[in-house]
Amino acid sequence: MEIADELTIFDEELITKLNQLASNKIEYWDIKSGVGTGTNLDFTDQKSKEISSYEIRECGIRTFKNGGWGFTVIKDLSNNSIEKGFRNAIKLAHLTESLGKNKFTLKERDPLIKTFRINSQHNIDDINIEEKIDLVKYHEKISSTYSSAIKNTRTFYMDGHSNSVFINSFGSYIYQDLSVLRMFTLAYAQKDGILQRAVNSVGGIGGFEITKTEKASKLSEKTAKEAIELLDAKSPVGGKFTVIMDPKLTGTFIHEAFGHAAEADTVLNKESILEGKIGEKVAIEDITIYDDPTMGQGKKLNLPYELFGSYFVDDEGIPSQKTIIIKDGILNNYLHSLETSSRMDIAPNGHGRASSYTARPQVRMGITILEPKDWDVEEMIKDTKKGILCQDFQYGYTDPTTGNFQFKCKLSYKIENGERKELMRDVALSGMTLEVLNKISAIGNQDSFSFSDGMCGKGGQGVRVCDGGPFIRAEDITIGGLG
Amino acid sequence: MEDNTDIFSLGKYGLKLAQNKSSNMKCAEIFFGKNKYLNIEVEENSVKNSEIGTDRGVSIRIIDKRGSLGFAYTNKLDKKSIDKIVNLALKMMKAGTEDQDFKDLPPHYQNYPTVTGLFDDNLRNLEVEETNEDIEDIIKVCNDDDLAISQSANFVSHYYKKYIFNSNGLEVNGKETICTISSNITVKDKITGETSFGYDWQAERQKMKLNATKIAQNALEDAKRNLNRIKIKNMKAPIILTPFGVISLILSPISSAINGETFQYKRSFLVDKRDEIIGSKFLNVEDKALMNGLAGSSSFDGEGVPRKNKRILENGKFLNDGLLHNSYTAGKEGIENTGNASRGSYSSIPAIGPTNFIMNPGDQSKQEMIKDVREGIILDYTGDSPNIATGDFSGLILHGNLIINGEIKESLNETMVGINLLDLFSKIDAVSKEFKIFGAYCAPYVRIENVQIIGAAH
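Chains as they are written, first to last, in my numbering: chain A, 1 to 483; chain B, 484 to 941.
One chain only, chain A, in its complex shape:
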């Protein structure tokens, strides 16, 4: 088995030494360490603004005693530094424990000894820089020359290859060899003093093949087209409407307005609207929501790579798995980490994730999905007398304690008597999560299913996620506008 040179330091001898240092002092410890290389390309108006490359190594050491955590971060992978960092982390766990009022233990979980590798069709390390630049130049050219109304374009490409080791006091040893790739295109269009912006991205776990799919090849064309379309879109008028959300927006809603409240650490911190509601009906019967970050889903969707939000194992050594959050309207389970699962006396479900080897895991989503049901999209639209069809999202945010959310969507169509009418831009939808989940009047079928990738932020840490679902229709949603 090939192991990156710098990571061979995590051998039996070191692990034995660490267990000795830990014995009787702390109840649990883990170490995540990785070495990574990568390339970033940032082009604007067909010119390179930044072409960069990096090589870094990092290590995060976590310790636990009776409700208190300690954590040390080091960037030097030598026996001395690791041992010193470990001793410091033990001291930190003690200090935390001495001041902490919340006492609890961590239940012992099964160790995992495994190697996970991503086998890319086109390994990013084998693609030379000129070919990556040609790809970005290709996209820049398409969007820049799409129309004279396109005033400014930007294409951003990033790839990264990392090798990492995870070891802990349960006896796990997990080695991972992963690569990630993401590409963004932006376009600004201008006409008669109006300036509009469109952004699209594609990403996954894998290699250069991620840039070769139909969606990826057409990315810049789609972006330029959308920016132009938005020029003719009107400013929305505020009020209450029936709203049809496309899969992208459905995914955003499930993730932003609902998903964060299902994270068990948010629940324990009394910042969740779902606190104390396991077993209760929180949505209409047709609603089933799950989070499934397991690998192998790319294939099912005919993609030559793994989905952006997927992972083999979380950052606490627990394998990824499908968790049903809401089943037929009833709240079934939260998303858990080692800590939350121990405290709530339930099996961990692999949602303890960190943004890097030097950050502490928190409960995070992976791939959050609303299950499709039965409606045909065109029939859904025909069935709507007065409403708004909202497509794609720009961003969203939620007040977790109240469930008050807002999302900005990219493009919307007014619906009148079952027909799409005028185009509107910057439509902002807002509402209360639990109210909306009970005002869903139609859920689209499998044909209308789609998902999107993104980075989710929480506690200063960004992690890779996907979210998705079918088209859905919700009644009585507040729309904000400038008028």
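Incorrect hints may appear among the rest.
Said to hold, decoys possible - Dumping the calculated SDA-like pairs for lysine to any residue here, alpha-carbon to alpha-carbon at most 20 Å:
#, chain 1, residue 1, chain 2, residue 2
1, A, 49, B, 815
2, A, 458, B, 864
3, B, 567, A, 36
4, B, 671, A, 402
5, B, 562, B, 574
To be verified - Just the calculated beta-carbon pair ranges, DEER-fashion:
#, chain 1, residue 1, chain 2, residue 2, range
6, B, 507, A, 232, 45 to 55 Å
7, A, 24, B, 891, 49 to 59 Å
8, B, 696, A, 158, 23 to 33 Å
9, B, 570, A, 158, 19 to 29 Å
10, B, 623, A, 438, 36 to 46 Å
11, A, 3, B, 596, 45 to 55 Å
12, B, 549, A, 158, 18 to 28 Å
13, B, 756, A, 475, 53 to 63 Å
14, A, 103, B, 616, 15 to 25 Å
15, B, 760, A, 276, 54 to 64 Å
16, A, 218, B, 756, 31 to 41 Å
No wet-lab data here; the hints were simulated from the structure. Note that this is a predicted model, so its numbers are computed, not measured. The beta-carbon is built from N, C-alpha and C at its ideal position, and this holds for glycine as well.
With chain A's structure known, arrange chain B on it following the hints.
What follows is chain B alone, placed relative to chain A:
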């Protein structure tokens, strides 16, 4: 940590190596960063995690005569690693496109301004035990209150050292410290079961200036003020922005809109508006880098250029030189560099950012301003941000209250505001003498007359 002499010799070695390996090189810059930090986390109103960390790294920018830039970084500080990143950066540079807008990296500077109060020796070797008192103070505020049910809080301190060398002879280094305390408190109304949260934070260069109790108390008051939420009907009414609200709807968008790069790409709602009146006479904004002891101050920018104080908006007029530049954007326009290059760490190329970004306070008392409002809103937090390209803002008032007959009343639920920023700026009709410093921002209370508010009540 390695001592200084290693860094100086590594820096010179790197620049020389780049020069020797490329006949086509125009200029190069090498940046070293070192950081030590401490982070204490409180969750569920109890100490949860204590963390210490170190980071150090080096990056190199090499630009050739065509203007093509290659950049590489690593976090090992030895000759072999310098060799590696020089080779990587040269490879990137050779593959890049030409850029005729690139003029040069900054020159050698003889003098740098003195800015004091940026370093606290107590923070250099801060031990976790030294934070105990602040943490206990913050926890006590939540424990002692009947309505408070939980708190998340953080104490973070950083000690940074930076060294910048470039092939034009620029050479500068410095050290600074910063510590932050933040509190997020959840309260619950025992009768209605309604919950809400409140938030406050403080950043200082000196540890003794942090007031943990006050921050938690402010967060608690904020949370309580946010209970009793009601939906309101649509209305056109005055809005008073708290200092936090001013940061999100006035200061932060202006600082983004005057970013030299954003401006040059015409992605700013202020393009073509220089020398024009864009707001009422109450709108006075400055970018002041040389204030002793403030969180946003420094003597040199992310490229080693000496910092300055500058005026951006005066009595509502957007000044002709009220833009923020780094060496690239200033060179492109052929004007003097404003020293606003910002670099978060060695792992990124310099972008552009403000220093201490200040809206000057006015004459009125905040009490008077509120008393004058018969029916309106006080807005603290939106959770959203304006579109910098157009100036349009349409967002939820996540924390805001009704003002009725000069008194602050119920807080708002599902209420949105829609306005274009240029409209907002021209409608500023009062500015308080009270102000608050939030890290690198300083803002007073500001009243805007006549804004469209969209409510959820039928």
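Hint check:
1. Proximity of residue 49 (chain A) to residue 815 (chain B) is assessed by CA-CA distance (about 13 Å); at most 20 Å being required, the pair is judged to hold.
2. Among the hinted pairs, residue 458 (chain A) with residue 864 (chain B) is consistent with the structure: their alpha-carbon atoms are about 18 Å apart, no more than 20 Å.
3. Restraint check for residue 567 (chain B) and residue 36 (chain A): the C-alpha separation of about 14 Å stays at or below 20 Å, so the hint holds.
4. Between the alpha carbons of residue 671 (chain B) and residue 402 (chain A) the distance comes to roughly 11 Å, so the proposed pair stays at or under 20 Å and holds.
5. A C-alpha spacing of about 18 Å is found between residue 562 (chain B) and residue 574 (chain B), which places the hinted pair at or below 20 Å, so the restraint holds.
6. Range check, residue 507 (chain B) to residue 232 (chain A): about 47 Å between beta-carbon atoms, so the 45 to 55 Å window is met.
7. Taking 49 to 59 Å as the suggested C-beta distance range, the pair residue 24 (chain A) and residue 891 (chain B) conforms, at roughly 56 Å.
8. Between residue 696 (chain B) and residue 158 (chain A), the C-beta spacing of about 44 Å breaks the proposed range 23 to 33 Å.
9. Taking 19 to 29 Å as the suggested C-beta distance range, the pair residue 570 (chain B) and residue 158 (chain A) conforms, at roughly 21 Å.
10. The beta-carbon spacing between residue 623 (chain B) and residue 438 (chain A), approximately 40 Å, falls within the hinted interval of 36 to 46 Å.
11. The hinted range of 45 to 55 Å is satisfied by residue 3 (chain A) and residue 596 (chain B), whose Cβ atoms lie roughly 51 Å apart.
12. At about 24 Å, the beta-carbon gap between residue 549 (chain B) and residue 158 (chain A) stays in the expected band of 18 to 28 Å.
13. Take residue 756 (chain B) and residue 475 (chain A): their Cβ atoms lie about 43 Å apart, and the range 53 to 63 Å is violated.
14. The supplied range of 15 to 25 Å is met by residue 103 (chain A) and residue 616 (chain B), whose beta-carbon atoms lie about 22 Å from each other.
15. For residue 760 (chain B) and residue 276 (chain A), the hinted distance range of 54 to 64 Å is satisfied, since their beta carbons lie about 55 Å from each other.
16. Residue 218 (chain A) and residue 756 (chain B) have their C-beta atoms about 37 Å apart, which keeps the hinted 31 to 41 Å range intact.
Of the hints listed earlier, those the structure fails to meet are numbers 8 and 13, in rising order.
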